[in-house]
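**Student:** For the record, the sequence lines run as chains A and B.
Under this note's numbering, the letters of the first sequence match residues 1 to 333, in that order.
Under this note's numbering, the letters of the second sequence match residues 1001 to 1355, in that order.
Quick caveat, the hints were computed from the structure, so don't treat them as lab data.
The reader is advised that the hints may include incorrect statements.
[What the hints assert, rightly or not] Some chain B residues well away from chain A (every beta-carbon gap over 12 angstroms; in silico):
1. K1063
2. A1064
3. E1076
4. C1120
5. G1154
6. K1174
7. G1257
8. P1317
9. V1326
10. A1333
[Unchecked claim] Among the chain B residues that face chain A by a calculated CB cut under 8 angstroms, a handful are:
11. Q1091
12. M1102
13. A1118
14. D1122
15. R1132
16. M1134
17. D1196
18. A1226
Quick reminder that beta carbons are idealized off the backbone N, C-alpha and C, glycines included.
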Amino acid sequence: MTASTDTSISADQLLALYEQMAVIRRTEKAAHDLFLAGLVKGTTHLAAGHEAVAVGASAALRPGDYVFATYRGHHHAIARGATVEECLAELMSKATGVCKAKGGSMHLTKASAGMLGSYAIVGAHLPLAAGAAWSAKLRGSDQVAVAFFGDGATNIGAFHEALNIAAVWSLPVLFICENNLYMEYTPIGSVTAVANPAADRAPAYCIPAEVIDGNDVVVVADAVSRAAARARAGIGPTLIEARTYRHFGHSRTDPATYRPPEEVAEWLGRDPLDIAMGRLAELGVPVERAIEADDRAAQVVEAAVAAARAAPGADPADALTDVWADGGSQWRT
Amino acid sequence: MADMTSAAADTDRGLIQAVTTVAADTARQPGPTVTYREAVAEGLARELRRDPSVVCLGEDIGKAGGVFKTTQGLFEEFGPTRIWDTPISEQAILGLAMGAAMTGMRPVAEIMFSDFFAVCWDYLANEMPKMRYMTGGQVTIPLVVRTANGGGLGFGAQHSQATENWTLAIPGLKIAAPSNPADVIGMMASAIRSDDPVVFFEHKGLFASKGPTAPDGHFVPLGEAAVARSGTDITVVSLAATVPMALVAAEVLAQEGASVEVIDLRCLIPLDMAAVLASLARTSRLLIVEENPYQGGWGGTVASIAADEGFELLDAPIRRVAAASVPLPFADALERQVIPTVDSVTAAIRALLAY
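Kindly generate the complete structure, drawing on both the sequences and the hints.
**Tutor:** Below, the structure written as structure tokens:
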């Protein structure tokens, strides 16, 4: 794996990233508790443990860039600027949800912040991100597009079609794999012919790739900065395989008993929040400041939970809106 | 089909003969004519000239001019930054189009044969029609998916299907299927300018057909059916290649003294049921002619609405002439058994008029 040797991130910036990660961690814990309390229906796919990928990447991107995420996407929505309240309200079927409670946990989207959706069909959004990158190229903008995806997506056709065309057309797109070692309940290594499911495929498409520590927010920010710079320079796509780990199961109340206890213990010992805390200490930031940041995160999430709980439920009239661009759903005369 | 026995006759007239007959009528009309295939390229060219955000992508659409020559001349006029040749990657084609549509472009993607929708179905079924809705209206997806559709040319079961009913099963897609060159141009304009995803079915059996060209600025709004022939005894609802088929049948029956009204639906979504019900009010009889299999074909939706809202207008049962519910066979003699023909339509009209 590539280690970070030279970072441009200051102590204050790192503290802000730490606080963002703390907000996401506490949001996911709240979502879990609300699900167990019966206030979140359907399903959730929590990203606790993956915070450094979203926050590090977001720190390296510009406001105008495009992000496409998966059904495990709460962290990306929040990292790109969706509020915790509108995300939790969405999960809780409230009218104030970021998608008016029409999407749910798997489809958090904040288009005004360039977060162009969370997609629940594995791999589907990689070609979409390539399309947004193609659009940026056609319009002569210097935007880049990013597709975040899981290790499981590397075995579906859309992954390969997207990588090939992105390389052939030199598109300004970043493919960032969050390799958490399991495709749902199955170890990715047991169903994939190569050791690094994303990075080892990239050479076949002449796309530069690196495997990084996805739990170190600084390492992620550095890698994404390099890749975005390549994209903006017109050099083409980059693939980053960020190794990370889920703190919860795949979805809902999955206890993830298919993961060996020693593996879980090893990864919990490499918690992205702890790693960032260690880096803050190295930079001479007093631990109290990190604790203060965590306290602020707790307050933000607590207030968001209260506001989302108090919000009105989804408006039944909204069931028949937003099919067409005119706002309606009329399909016949 | 409504009447399999008449379709088996050796004298049966298939789609090609229907197209040839209608084309012969058109050739007698004054003014310049254009083929359906040329109209596709012309419709695209007009929008490419008008709006720099329009961009085309697909397999062999550039230098090759399209496997059906429906994009002939576009690469020469607009160049590689507007007309993009892709690999054989249908998911990438539709995914790229959608990502670009969400970020300021108006892409026109070609899927060479509509049968290939099956390999990129996720985009047509789960992505394009749902993202606006799932996000509470946050994103807009102004794109067109063009495709060559339908049978009658002996391409076999995987290159001959009429798949418009596949897309009809998914709320959130607009569905256009023009029957003549002027409509191709006018509906291409409305499809490309639409802020919603539009699936644009170009019928393979019509590519060689001719018709009057469209004047500059010609625009046919999506969801407006046309009365292709006025009549008073029966309404025949048709779409794309079944329009010329119905017109030939109407002409045959006119010689027998019957007055057949032919409605060209033009679009399945929006579905112009007002036009169908207004015609039914004039004729009191309804026949639907479609190339989809009877099993799950679009005619079932039209029939159900007509039965529900037009029951009092009817003097006879609603009938459908549709394809048989089998895969499309290769040999002409077999294909004629499966898809509607002039003779099967004529026989069905006669039977309904006699009811």
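**Student:** Evaluate each hint against the coordinates.
**Tutor:** Hints, verified against the model:
Taking the minimum C-beta to C-beta distance to chain A, about 16 angstroms, the non-interface status of B/K1063 holds against the 12 angstroms cut. Listed as a non-interface residue, B/A1064 keeps its Cβ farther than 12 angstroms from every Cβ of chain A; the least gap is roughly 17 angstroms. Its beta-carbon lying about 19 angstroms from the closest one in chain A, B/E1076 satisfies the requirement of being farther than 12 angstroms from that chain. Interface exclusion of B/C1120 from chain A breaks down, the closest Cβ pair being 9 angstroms apart, not more than 12 angstroms.
With a cut of 12 angstroms on Cβ distances, B/G1154 stays outside the contact zone with chain A, its closest approach being about 30 angstroms. Distance check on B/K1174: its Cβ comes as close as 8 angstroms (rounded) to a Cβ of chain A, failing to clear the 12 angstroms threshold; non-interface status is violated. A cut-off of 12 angstroms between C-beta atoms confirms that B/G1257 is not in contact with chain A; the least separation is 32 angstroms. A cut-off of 12 angstroms between C-beta atoms confirms that B/P1317 is not in contact with chain A; the least separation is 22 angstroms.
Non-interface status of B/V1326 relative to chain A is upheld: no Cβ of that chain comes within 12 angstroms, the nearest being about 29 angstroms off. No beta-carbon of chain A comes within 12 angstroms of the beta-carbon of B/A1333; the shortest separation is about 38 angstroms. For B/Q1091, the shortest C-beta to C-beta distance to chain A is roughly 5 angstroms, which falls under 8 angstroms, so the interface hint holds. At about 6 angstroms, the closest approach between the beta carbon of B/M1102 and any beta carbon in chain A falls short of 8 angstroms, and the interface hint on this residue holds.
Interface hint at B/A1118: violated, since its Cβ lies 13 angstroms from the closest Cβ of chain A, which is beyond the 8 angstroms cut-off. The beta carbon of B/D1122 comes within 5 angstroms of a beta carbon in chain A, closer than 8 angstroms, and the hint placing it at the interface holds. The beta carbon of B/R1132 comes within 6 angstroms of a beta carbon in chain A, closer than 8 angstroms, and the hint placing it at the interface holds. Interface hint at B/M1134: satisfied, since its Cβ lies 4 angstroms from the closest Cβ of chain A, which is below the 8 angstroms cut-off.
With its C-beta approaching chain A no nearer than about 5 angstroms, B/D1196 sits inside the 8 angstroms limit, and its interface hint holds. Taking 8 angstroms as the C-beta contact cut-off toward chain A, the hint placing B/A1226 at the interface is violated, the least distance being around 14 angstroms.
The earlier numbered hints that this structure contradicts are 4, 6, 13 and 18.
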